Amino acid sequence: MTDRLSRTTGRRGSRRVGALLVLAVVLFAWLAPWLAPGDPYGQSLLKALGAPDAAAPFGYDHLGRSMIQRLAAALQLSLLIAGVAVVAAACLGVALGVLAAARGGWVDRALVLVSDSLLALPGLLLVLILSALIPPRPLAFGAGLTLVLWIEFFRLTRATCRSLLASPGVQASRLLGFGRLYLFRRHLWPEIAQLLLTTAAFGAATGVMTIAALGFVSVGMQAPTPELGLMMVELMPYWREAPLTLLQPVIAIFLTLLGLNLMAGGRQA
Amino acid sequence: MAATGYRLLQALLLALFIGVTTFAMMRSLPGDMAWRIAAHRYGYDLVDADAVRLVQEELALGGPLLPALVQWLTDMVRLDFGTSLVSGESVIGEITHQLGASLQLAAVALALSLLLGPPLGILAGLKPGGWLDRGLLVLASGLRAMPQFLLGLLLILLVSVRLGWLPAAGHGSAGHFVLPALTLALGLAALSARIARDAMAAVAASPFYGFARQKGLSDAQVLWRHGLRNVSVPLVTCLGLQFVTLVEGVVVVESVFGWPGIGHGLVHAIFGRDVPMVQGTALVMGLTFVLLNALNDALQRRLDPRGTGR
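Going down the list, the sequences are from chains A and B. Last residue of the first sequence: 269 in the working numbering, with the numbers rising by one and none dropped. Last residue of the second sequence: 310 in the working numbering, with the numbers rising by one and none dropped.
It is worth saying that the hints were derived from the structure and are not from the lab. Do not rely on the hints blindly, as some may be mistaken.
To be verified - Over 10 Å on every C-beta distance to chain A, these chain B residues come out as not near it, computed from the model:
#, residue
1, 39
2, 66
3, 110
4, 130
5, 165
6, 221
Said to hold, decoys possible - Coverage of chain A stretches by chain B, computed from C-beta distances (three or more under 8 Å per stretch; other residues unrestricted):
#, stretch
7, 107-116
8, 125-139
9, 216-225
10, 256-264
Unchecked claim - Pulled a few chain B residues facing chain A out of the computed Cβ check, cut under 8 Å:
#, residue
11, 10
12, 21
13, 25
14, 251
Quantities reported herein were computed from a predicted structural model and do not represent experimental measurements. Even glycine gets a Cβ: it sits at the ideal position worked out from N, Cα and C.
With the sequences and hints as input, model every part of the structure.
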């Protein structure tokens, strides 16, 4: 008993640490450009790989661009794309999941088949294919990630709603003549909402990781855009001269992912 | 077998999806596609209008949409992926060549992860809350926050650049296997160790396990007779989930280490807008994944014949 108690409080504690980490990263991304004004694209080759100074507290990259500006811009980009994709995927997944559970029959079977087939496609591949179809990269990544992430929301929502809709509580509400909207708000939503945070945090982690991985293998964002994976590739040749500069995007992505994973808590696989 | 039929249907839908998207990709390539392809083939300085016209005729670009789509899909069903737009070689030949290299890497990585993850997890699960358990938890959380490309990068910098023990990239000797396989395996092992730990802790706390000890079996006997099979069921389920990580990891890790496999090929094909190669690699990767999952289903039924079903 005490063991279980300490485990749940431990889990809640690590969730709180994760949320704080994510909050810190978000604050950095949106406040840093405001605290140390500058331009993430502005070059000054004289300062290439320069040490930190008052104008650029994190030093300069190989083209003399302020690292703090670039880090903040890169984090903003990744978090925005991942955030938008997660919200879109959650809306789509929950809506279709409720639909599949409520209608049953061929609607249910068709949706499950579609989601299972998409699941057979590695997410990275799906995003890559879409990025070749849709020219603007942020849009392509957002759409691709949505297409990857909705499946998890859909499966969870469908599984939860199926058992809920068969429960005596819902049957009683139905017999009393309450409408669909009431059923959703009163019976389904409270249960779904509990699952959403965990799934969303994992989804955001997947998104951030995918964007960085694609940037790293140079099929992601294009050159001048500040992006974490791309920044690592660009700074790699200078790792002997400026190891701390290379370390910055590495730490940024590690903290973001650690925060999101902790926030999601121990998911049962 | 209903399950096999379902997997077949899944494979079919997957193929249709890939076929339609790659067709759309072929149609929507930015700029004059024939010019781009001709330039990739002959070099940017040597392209002239004749070469472009030849490419146009060869690939039957343009023309009405629907017949072209039907033609594209029938070609795909006949496993006729055509020739690579860049190298001019047949796609199927290139892919079978690449797939071999990828499967080797994936198999070594999977074996390595199974050697690392489950034994450590089982040891940790036998003593929940012990130092091994807690250490493993921290390590696994750290590894999960580490994207594969980052892990690969760190290994390259540490093992091959700093220490000079192993080659950083390439393919051929056994030494080339170590770093890419280890990069993939560490990520996989982090998950399988957690699953094995939770399963082992649950089994060790169960009444039948306590009874087996009570009747005088030694620790090793109890583990062997009553522990391992029960732990293996969630592990095999987790293995099915890990195929996703493995296939995705192959794309990233191969690119980082310059491994001439299918993931590396895919990234290059996307980069060079080589649509037939994209189609072929995507299809092969997707179908391999479905096949692996079908095998995994069968193995699971074998291990746990109680027929809970999903």
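Now for the hints, and whether the structure bears them out:
no.	hint	in the structure
1	39	18 Å, holds
2	66	19 Å, holds
3	110	16 Å, holds
4	130	13 Å, holds
5	165	18 Å, holds
6	221	27 Å, holds
7	107-116	holds (count 3)
8	125-139	holds (count 8)
9	216-225	holds (count 4)
10	256-264	holds (count 4)
11	10	5 Å, holds
12	21	5 Å, holds
13	25	5 Å, holds
14	251	5 Å, holds
Checked against the numbered hints given earlier, the structure satisfies every one of them.
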